[in-house]
Amino acid sequence: MIRRILDFVFVLLFIWACMILGLWVIDSLIVPLQLPGVTNDIMTATLKVAVSAVMVIVWLWLWREMVRRMFWRTVKLQQHLADDSRSDNPKQGDC
Amino acid sequence: MIEELSALALGFAATLLSMPVTIQKMRKHRIVGVDVHKKDRPLIPEMAGIAVLAGLTVSVVAAAVLMPEKIGLLASFLATTLIAGVIGAVDDMKTLNAKVKPLLTAFASAPILLMGTYSPYPAFPIIGAVRLTIVYRLLIPFAIAVPSNAVNMMDPFNGTMSGTCSIVTLALLFSSLILGRSDAALLCACLLGPLFVLYYYNRYPAKVFSGDIGSLSIGAALGAIAVLGQLEAVALIAFAPQIMNAFYGLATVGRLYERREVSRPVSMLDDGRLTASSDPRAPITLARVILARGPLYEYEAARVFMVLASIAGALAVLTAYLTMVTP
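First to last, the sequence lines map onto chains X and C. Residue 77 in the numbering used here sits at position 77 of the first sequence, and the numbers go up by one each step. Offset between the second sequence (1-based) and the numbering used here: plus 1000.
Isolated chain C, as found in the complex:
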């Protein structure tokens, strides 16, 4: 437990120290994005995911020093996350095609496949452990690409991506403790510190945006935790809001799309409240469904996302409990 807590504290401290530097650099180089849901449309520094990756690297290296026997597991986790981060950085600088991005993020699973750090025996509630020696290998690229892109699509309001991902990580941490999966607990601890700092800076009113470098790498890290920590079914439930959001959007548009290619699902009223777009061509995203019942201020809409993520997290922990009691 000391090792996990040390990794969490070091990751938190490293991200806390690197975040102001990142903000300063991004502002200096004019790498900024417009906060479209504010009346004065302020320019916010982008690519804060760099600080998250720096913090994650520190926590993973610290964990590897404290537990050298887990170096393979930690190396494959970090490499997967960093590859997704590089893809995100390229996307931030030069927008990638909507079909290319999922393919590239699938390649981020290469370290896990090459190093063979996974166990092809996923455990499910009621069924128990299942042997999937051949099929499991084929599913790993999806297990990285799907959460990576789903998290990337779930960033409509200040703090929603960082906040919901923090809740998912907490749910995975509790589940790993219930199931006695020490590897998963260690990886969750490594990710949690940087995520808390990102949420602090990204919550309403945002001082920073994570950029695709942040969202793609955090999503890939969560997918890697599910695979490496044998928390597949639990992660699927914890990820329900992200999956819902991506799935509805894709189902409405009928293909993979970039945000810039389609009508905005949310628009702003004169009083600053947000409302669901009435454009029938706009994708039915989770934000649009939430706002369909009436306009909300951005911080209220972000709070609904957090409540939904908490409920999904509670169901994920319940799933872990059911898996544990399955003979």
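Just chain X, same shape as in the assembly:
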């Protein structure tokens, strides 16, 4: 039970930490960003929003990939364990 919960705790903590880190990156790197030679404020603001949006998409993609891999790894592990226990305890007819 604890192992089952720990997997998700790890995912939740990772996602939360990524959000906090992402907010720090937006605040300290993206918001003060000034493009050399670009004086149009709307263009600069659009670029900042686009970069932030890409960061959010990457964050969601990472979240999905983590759980997808965690699920299939667990399924494979369970299948492997089931196969092992079958080969260790063969039925009478198999002997």
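Calculated from the structure, these hints are not laboratory results. Hints may contain errors.
What the hints assert, rightly or not - Across the chosen pairs, the derived CB separations fall in these ranges: (1) THR1275/C / ILE57/X: 30 to 36 Å; (2) VAL51/X / PRO1327/C: 23 to 29 Å; (3) ARG1273/C / SER28/X: 48 to 54 Å; (4) SER52/X / GLY1272/C: 44 to 50 Å.
Backbone N, C-alpha and C define an ideal beta-carbon position, used for all residues, glycine too.
Fit chain C to the given chain X structure using the hints.
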């Protein structure tokens, strides 16, 4: 604080009184659902969300009487929740298309937009308050439709929807107290009483199912609390298990889907334990991921959901604290 406690107590009492009546009526009119994760597959009365909406209406009206200056806020909150409840009731009676339901729930945000009871300055940890005067309006329909449908999808076992939503509401209540958001605290208090009663009746072994009327309206109410109470970032974290569940399901199937349209992600063994389906076409829901590590009894699987919601709730409160210390 007296007003919040009164709203909580009245909502709790009204739901407690109306729940047995609702159960009786649903049973009489054969509005029942099969509890598929029990060996004897009992028939359980559906649409207990009616009692939740009755309790919520009582608590909101009581709060409006005690604090008439907040009538606009309370009216937009109640109207949003009731519209989502009506959509849920229609879905319970006549199944709505999987693409239509999110669109309709987005319309439930109309009272908030029309009454202008929101503040377009969401606060984030580290960044602080952000001015989003135009974009915020466009995001409000999503802020109602996403939690509404995510909560609707997070009801695999007895008590998971009502229990996890109670924890989310508690986390939002603590966060609103940390951040000094009195509006959010009041709305959380209005919702908490009915939710506690629903959890009491819906926990394993369930005596009642909330139906889509319950899940869609509770999800919309939580989305409305996030918007009206300026708890957007906190709510996003508190909602992580619900978002995970909906997101994984949608990502696997590749489109919006109804539960009946896809293979069941969970199946039952002969001994009554639940196991993850081995069907590659079944959606990867949170329940399926939890059960992938081995079979569990329904009450054990429901407990894992509650633990996850509690951890997400703790992180949400921590997010509120970080927002508070942000200059």
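Subject >> Status of the given 44 to 50 Å range, CB of GLY1272/C versus CB of SER52/X >> reply: At roughly 49 Å between Cβ atoms, GLY1272/C and SER52/X fall inside 44 to 50 Å, so the hint holds.
Original post:
Honestly, do THR1275/C and ILE57/X meet the 30 to 36 Å range at C-beta?
Top reply: Taking Cβ atoms as reference, THR1275/C and ILE57/X lie about 34 Å apart, which means the hint holds.
Original post:
ARG1273/C and SER28/X, beta-carbon distance inside 48 to 54 Å?
Top reply: holds, 50 Å
Subject >> VAL51/X paired with PRO1327/C, Cβ distance criterion 23 to 29 Å >> reply: holds, 24 Å
Going down the numbered hints, you'll see the structure goes against none, and every one checks out.
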